[in-house]
Amino acid sequence: MEFFQRFAIPHPSPAIYASMVAIALVSIGIVVGLTYFKKWGYLWREWLTTVDHKKIGIMYLLSAILMLFRGGADAIMMRAQLATPEAKLLDAQHYNEIFTTHGVVMIIFMAMPFIFAFMNLIVPLQIGARDVAFPRLNALSFWLFFFGAMLFNISFVVGGSPDAGWTSYFPLAGNDFSTSVGTNYYMIAIQISGIGSLMTGINMITTILKMRAPGMKLMQMPMFTWSAFIANVIIVFAFPVLTVALIMGTTDRLFGTNFFTTGNGGMDMLWANFFWVWGHPEVYILILPAFGLYSEIISTFSSRNLYGYKSMVASMVIISLLSFLVWTHHFFTMGQGALTNSIFSITTMAISVPTGVKIFNWLFTMWKGKIRFTVPMLYSIGFIPLFVIGGVTGVMLAMSAADYQYHNTMFLVAHFHNAIIPGVVFAMLAGLTYYWPKFFGFMLNEKIGKSTFWLLSIGFVLAFFPMYITGLDGQARRMYTYSEATGFGPLNMVSFFGAGLMALGFVTIVWNIYYSFKNSPRDIGSDPWDARSLEWATHTPVPVYNFARMPQVNSSEAFWDSKKKGHQLFKGEYQEIHMPNNSGVPFVMSAIFFVAGFSFVFALWVPAVIALIGIFICMGLRSFELDHGYHIHVEEIEETEKKLGGAK
Amino acid sequence: MKRKWSLLASLTALVVFLTGCEPLLVLDPKGPQAARQASDIMLSIYIMAGIVIVVMAILVYVLWKYRASKLPADYEPPHVEGNIWVEAICVGIPVIIVAVLSFVSVKSNYIVESTPQGYEDQEPLVVYASSSDWKWHFSYPEQGIETVNYLYIPADRPIEFKLYSFGSITSFWIPQLGGQKYAMADMVTTLHLAADAPGEFVGRNANFSGKGFAENTFNVTAMTQADFDEWVEEVHETADPITEDEFETLLEPGHLGQMTFTGTHLDFSPAPEHNHHSEEDSSEHDQHETHETHEETDHAHH
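Top to bottom, those sequences are chains A and B. Residues in the first sequence are numbered from 0 upward in steps of one, following numbering that gives the first Met the number 0. Residues in the second sequence are numbered from 0 upward in steps of one, following numbering that gives the first Met the number 0.
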């Protein structure tokens with residue numbers, strides 16, 4: 000009995016039991032549904048074993064949207080609890096678990112897969128490649144992320160969720176103060192998906208450096224590809240720090256080491272430093288691809304080339320360097336003294352300069368343009384003022400002496416949501432709307448899309464601007480309740496109302512997808528937005544080989560040149576195309592990772608060792624496997640091209 | 000677009016209405032450190048508001064002037080690569096703003112990290128503020144007094160807080176007297192504060208420390224030096240001495256009301272002062288000794 004005791008929820012509530020039942024029912028439903036419609040084979044052949052970057056991108060996209068709703072449910076519960084003073088909706092323990100999972104889910108399992116989705120979908124098409132450099136590794140990246148996310152998400156029904164905050168500071172996250180297995184889930188689930196992220200970093204860098212279309216110089220890459228390139232360079236430098244920190248945290252919790260404990264020579268401050276040496280660059284890993292998407296969208300809907308291409312690239316390079324030099328600003332109040340704080344205060348403020356350059360370049364891109372107010376453009380226009388507010392409050396926080404008053408308050412919470420929501424989330428929704436027709440063959444409804452935009456923007460302002468004020472009034476973050484005497488009540492109610500509008504906004508996205516799937520016309524051609532870069536030069540939907548003939552490139556807007564200046568994009572005869580074979584190994588190996596991770600969480604050593612051996616067997620199999628891929632013959636290409644409406 | 004701006008305007012009005020009744024704690028300073036921080040905050044708010052307004056003005060102008068519905072159908076936007084001078088201005092002006100703010104920031108850092116301005120000639124009162132789940136223990140070594148969850152300080156005198164924790168990282172914060180600083184288990188941090196006049200203030204742990212975090216607060220009363228001395232005397236007459244056993248029970252996780260003792264726990268459970276930034280010059284040997292004592296007390300917990 001004692002063996003099973005550890006899987007029980009340490010702090011149960013009716014809501015958690017209801018979730019258990021719901022999870023069980025949905026799982027049974029999926030299994031029954033797949034069996035009834037005889038879709039197991041289809042699922043395995045077309046999705047679980049695929050190495051196609053477009054399908055992997057779509058799976059990232061679906062996972063990100065799913066996780067957005069999970070993290071959003073957490074958010075709504077928090078705002079509801081704080082809407083009134085002394086509310087009893089959640090108790091302290093549940094509130095702590097919820098804000099912890101909200102943070103982890105939104106950053107690691109929502110924002111990251113969202114940017115990976117766009118990198119996968121867009122980068123190979125933008126550089127005129129047929130796939131990423133290592134397609135099977137790409138599948139492994141995705142499945143590691145996916146199983147990491149699943150492992151994290153079962154925590155609240157098996158053993159208990161982590162409750163030490165998404166930053167998981169030691170010693171609070173150590174065994175003395177976090178006795179449930181929750182923090183084990185945190186350490187191991189993030190580790191598993193983090194390995195996937197690192198692999199994506201290597202994969203994308205190689206792809207961008209080695210697989211560009213003939214003639215495309217580095218300084219002729221579309222801006223999204225540039226942003227993806229730099230973000231992936233940051234990934235490769237930053238994620239190993241997280242990997243090491245998580246290993247140290249795991250051994251502290253499972254094997255009694257003392258890296259971050261307060262006795263026996265351990266140092267709790269070390270975790271905070273490691274975490275933010277990864278954590279701050281992570282912010283730029285998320286925001287740079289978002290900047291890339293905005294650059295594409297603003298340029299397309301202003302019908303103009305991107306203003307200041309070179310300074311756009313330069314500013315991203317500078318941001319990537321500075322992002323590693325600012326981590327201490329997350330704990331100015333740790334007592335490192337005036338000199339250290341002064342240095343990090345200045346480096347932090349310095350980041351606002353290249354960021355400001357980008358803002359001005361977007362404004363100048365619209366200047367003398369011909370601006371069309373489509374849904375993706377609305378997000379990009381809304382992004383500019385809202386993100387500037389998020390940015391300037393960041394400069395305020397960077398003033399370290401004043402930060403002693405902002406730190407750990409709702410002011411900080413308002414700031415980073417103000418940077419991440421208009422910065423990253425709006426970009427992802429803009430990108431989703433913009434690229435939807437390319438991958439699904441129909442447009443999302445503009446009218447519903449516009450109401451989504453207004454709901455989210457107004458909801459965002461109502462939800463987060465009041466926090467600036469309550470923060471300055473002394474409301475600390477992460478408090479599950481407050482007394483009426485504090486006077487925080489009315490503004491928190493406004494926040495809750497705003498969060499409700501945002502929730503409604505996110506629901507309209509799902510409604511939009513359903514509505515457009517039913518009603519939107521399918522004959523949209525390959526370039527519905529009158530866009531400028533290569534991803535729009537191929538068919539819609541994109542054939543498996545992307546381009547029948549490799550595009551010839553001599554500017555950053557080769558496709559625009561082909562439309563306006565008579566540049567000939569595709570030359571020569573069709574040739575046989577070499578493509579990679581599907582493989583089940585990434586899926587199976589990641590599933591074994593899940594088993595290993597779960598065993599580690601509960602310190603079940605026998606299954607853990609067996610699973611680890613399984614992982615090495617998978618790697619060994621791959622090493623000795625001879626797989627030369629397959630060829631698509633010329634006749635087949637001709638047929639596909641004809642079917643898709645004319646040769647490209 | 001109009002709808003958006005009118006909404007924003009009404010929102011701002013609402014916020015002003017909701018908060019107009021009382022000044023915000025951080026912007027209502029009662030001591031020199033908080034005053035310096037509040038003035039930095041207001042300065043940066045003004046400059047930042049200026050930036051936001053300029054960007055919004057450019058944005059609205061561009062959107063108005065170059066919206067497709069207003070332009071002739073055959074208008075072809077020009078191809079513009081960029082202009083070195085325009086971009087130099089876009090870099091130059093932010094650099095100047097950042098330079099100004101950096102100057103202010105560095106200056107303020109040194110001000111908030113030293114004895115409050117105007118109080119340099121006075122001997123500071125040293126108070127050890129240590130946190131345990133989820134309480135604050137205030138030890139007055141000079142006065143030989145210890146309190147739990149409330150703090151009496153003389154106004155018009157610099158206070159030097161020595162902060163540390165018996166567990167998770169916490170953050171000692173009295174918004175109206177000055178910004179916060181961490182209290183940690185393996186080192187002592189120093190926070191300089193002062194209250195300009197007698198008054199009552201709220202204080203709390205601002206750093207998440209687990210289940211009882213929300214209620215981890217304390218009350219601060221600043222009084223005249225005479226009243227403070229009187230209080231110290233009164234405590235010595237009425238309060239019981241703190242014992243090691245009793246202190247151990249106080250450290251148990253939970254919440255306590257306000258308590259008063261004579262003596263301090265520092266006598267039998269000294270602060271972990273083997274820190275890396277200690278201003279006192281202590282020899283290597285000394286550090287090692289303190290470390291060992293700390294370890295012993297650590298073992299005693301388990």
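Because the hints were derived from the structure by calculation, they are not lab data. We put the CB at the ideal spot given by N, CA and C, even for glycine. Any given hint could be a false lead.
Below 27 Å or equal to it, Euclidean Cα-Cα: the simulated DSSO-like pairs (lysine-lysine) are [claimed, not checked]:
1) Lys216(A) with Lys449(A)
2) Lys54(A) with Lys38(A)
3) Lys106(B) with Lys563(A)
4) Lys309(A) with Lys87(A)
5) Lys106(B) with Lys369(A)
6) Lys210(B) with Lys449(A)
7) Lys564(A) with Lys367(A)
8) Lys161(B) with Lys449(A)
9) Lys64(B) with Lys367(A)
10) Lys210(B) with Lys564(A)
11) Lys369(A) with Lys562(A)
12) Lys641(A) with Lys562(A)
13) Lys641(A) with Lys309(A)
14) Lys563(A) with Lys69(B)
15) Lys161(B) with Lys446(A)
16) Lys367(A) with Lys161(B)
17) Lys69(B) with Lys446(A)
18) Lys161(B) with Lys106(B)
19) Lys87(A) with Lys64(B)
20) Lys369(A) with Lys161(B)
21) Lys562(A) with Lys161(B)
Derived list of chain A stretches under chain B, where covered just means 3 residues or more per stretch with a C-beta under 8 Å from a C-beta of chain B [said to hold, decoys possible]:
22) 26-37
23) 119-126
24) 355-363
25) 376-390
26) 475-482
27) 590-603
Tell me, which hint numbers fail for this structure?
-> Of the numbered hints given earlier, those the structure breaks are 1, 3, 4, 5, 6, 8, 10, 13, 15, 16, 19, 20, 21, 22, 23, 27, listed in rising order.
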